[in-house]
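Letter by letter, the chains look like this.
Number of protein chains: 6
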Amino acid sequence: MNDRFSKGYKTIKQYVTKEEAARMIEADALADVAPDLRKMIIEFAYGDVYSRPGLDAKSRAFVVITAVVTQGVAPQTKTHIKRGLHAGLTQTEIVEALLQLVPYIGFPRVQNALTSFSGVQTSAERS
Amino acid sequence: MNDRFSKGYKTIKQYVTKEEAARMIEADALADVAPDLRKMIIEFAYGDVYSRPGLDAKSRAFVVITAVVTQGVAPQTKTHIKRGLHAGLTQTEIVEALLQLVPYIGFPRVQNALTSFSGVQTSAERS
Amino acid sequence: MNDRFSKGYKTIKQYVTKEEAARMIEADALADVAPDLRKMIIEFAYGDVYSRPGLDAKSRAFVVITAVVTQGVAPQTKTHIKRGLHAGLTQTEIVEALLQLVPYIGFPRVQNALTSFSGVQTSAERS
Amino acid sequence: MNDRFSKGYKTIKQYVTKEEAARMIEADALADVAPDLRKMIIEFAYGDVYSRPGLDAKSRAFVVITAVVTQGVAPQTKTHIKRGLHAGLTQTEIVEALLQLVPYIGFPRVQNALTSFSGVQTSAERS
Amino acid sequence: MNDRFSKGYKTIKQYVTKEEAARMIEADALADVAPDLRKMIIEFAYGDVYSRPGLDAKSRAFVVITAVVTQGVAPQTKTHIKRGLHAGLTQTEIVEALLQLVPYIGFPRVQNALTSFSGVQTSAERS
Amino acid sequence: MNDRFSKGYKTIKQYVTKEEAARMIEADALADVAPDLRKMIIEFAYGDVYSRPGLDAKSRAFVVITAVVTQGVAPQTKTHIKRGLHAGLTQTEIVEALLQLVPYIGFPRVQNALTSFSGVQTSAERS
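Protein chains in written order, with the UniProt record's numbering: chain A, 1 to 127; chain B, 1 to 127; chain C, 1 to 127; chain D, 1 to 127; chain E, 1 to 127; chain F, 1 to 127.
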């Protein structure tokens, strides 16, 4: 485990539970096809970028949620809404951030993100 | 001046100087071709959306900057970086938000946004 | 019910059946997570925009179908093809509009839209 | 000159003046780098697609304008607004089509398209 | 069967098995709604474009895979990864091409493409 | 100079002249606003990704050119066409790759990329 990986692994725990962090490595669904992807995400995204000083975890979560909603990438929208909640954003703040996007990206992508959000809530209630 | 317009006009002053707010209405470049656009932006974007409770102006600015950078719309990137600075974001916070986007949208659009940001700084120094 | 809402609600009936219009409000799937979204769509999209003079409902339907197909947003493609048919577009006109997009956005998104269209037809035949 | 080319060349005259149609072939700016591109556009886009029955020229123009505005491709936005005007769309119809896009793609791309439109008008007044 | 169609049909066999090529025509899922689409794909995409000299089939496959992954169109990503394997690309080459995209389009779309790739592998193992 | 940086710096010389490689570091236009961006590009994009085994430089260049053309990011299109030529792609191969994109992303973005390409040629002839 190099420095960037352990720094990334430590940072990611601000966004996911300890159990999920462990599962991300042990049960990587893409380990067979692209064994280096997970490592690249932890080292680069979390080790090099998320862990930089100068911006708090909540603001980073807003930025990432907005990016994936604007691109319309569905599984990542759900993932990063969950990570934003873990990082301390409230449900109200996330919903307001999504509504703030309407004048900039239009209703369809916002509506799809709110549907994902609704799915996050439902699965949270079940657990 | 209806309620939504005056609410929007009041809200926009959190993001631009008083002089700019006045200029937006008096010297609307698109007044000839689409006289209702400016009204629609102030009433809907600022009156209905930006002015909602539940999310502070700085977070709204992060969300909007991220949306326009992810779409790659150039003049709006410059505009909303300036409005974000006016709303209280620091230069460091904006640069960090842009770098946070690299793992999600790639280097090209981040690089173009930082070039816009650099233009904002230069014109600020000149004035 | 304010003016914009009732204007929007009246306008939306050019695009959906009376039953669907009622269901949009009574059975809003996102009412829990974002109670204001439906209101915003009816007031702004239908009340302020769709109801403007100067362009007929069929042309508005073409424009909206094209926008959602070009963005590649799947559920909205199906929704707005149905609304276009309700507003008076024929199946031929919609298929031709989609084929007209091939030289501008490429085959993949057009193919996905035609697959949605095919789904709209099938569900219409079933009912 | 094959059949598809002459069919395309005939069709394109619904969208541009006779002089422009001639210039498109004689003064093709990309003739050195990609000599087949112009031929491909005339044969495929205009010969195979635009010339299909079942949808009138004005509706095709709406569809193409919407596609290029939604993608945010600047020179093509200007080009196809001009072609739409030539095909018989009025200025009001085009502006209304662009405003109709606001709830679906957001203000920035609509604003940029209206700026292009404003450029089309200005150059028309000059000539 | 015209020249462009037979040229396209011959070219497509570099990318799919003989059985699949036959099935594309006989069992076209969109034959009811848009009977000309399949013909347009074979004549234009394969007959006019893929069959041009100056670039080998493997490079064309890289280009098409990259385009559909960058757009985020899911069924086409799977389709063109399979066609690329048929055209002679190795699994390693495709995975490396996808990882090469990370710095340009970000992790989410690459991750979704690798998930599709993983699905291609799994279905190949089953058959 | 750490290992990733020197690996990236060595790799980048497959894509740019020695003089350009030096200039990228010494005359970084964004050094004031985001001093870490250049380092991030060299360490991550070139050190971690481009330098991976399993795919040759020409194929990587095809993949990157396609990604930036599909996104429609103009300065990067020019940059990566130049880097592709330096990595050994011929002008014919690049033009064919761009034409191969027409059925997948449509004419507008291909046309804009060919215009960039034409600019690369012209500036090459001048030097």
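The set of hints was computed from the structure by calculation and includes no laboratory data. Keep in mind that the hints are not guaranteed to be accurate.
One copy or two, it doesn't matter: identical chains are merged, so the pair holds either way.
Derived DMTMM-like pairs (lysine to aspartate or glutamate); straight-line CA-CA distance at most 20 angstroms [unchecked claim]: (1) 82 with 19; (2) 10 with 32; (3) 39 with 3; (4) 78 with 3.
Outcome of the hint check:
Only within a single protomer do residue 82 and residue 19 lie at most 20 angstroms apart by alpha-carbon distance; the minimum there is 14 angstroms, versus 36 angstroms between protomers. Taking CA atoms no more than 20 angstroms apart as the test, residue 10 paired with residue 32 passes in neither setting, with 25 angstroms inside one copy and 30 angstroms between copies. Taking CA atoms no more than 20 angstroms apart as the test, residue 39 paired with residue 3 passes in both settings, with 12 angstroms inside one copy and 18 angstroms between copies. For the homomeric pair residue 78 and residue 3, neither the shortest alpha-carbon distance inside one copy (29 angstroms) nor that between copies (36 angstroms) is at most 20 angstroms.
Hints 2, 4 from the earlier list are contradicted by this structure; the remaining hints agree with it.
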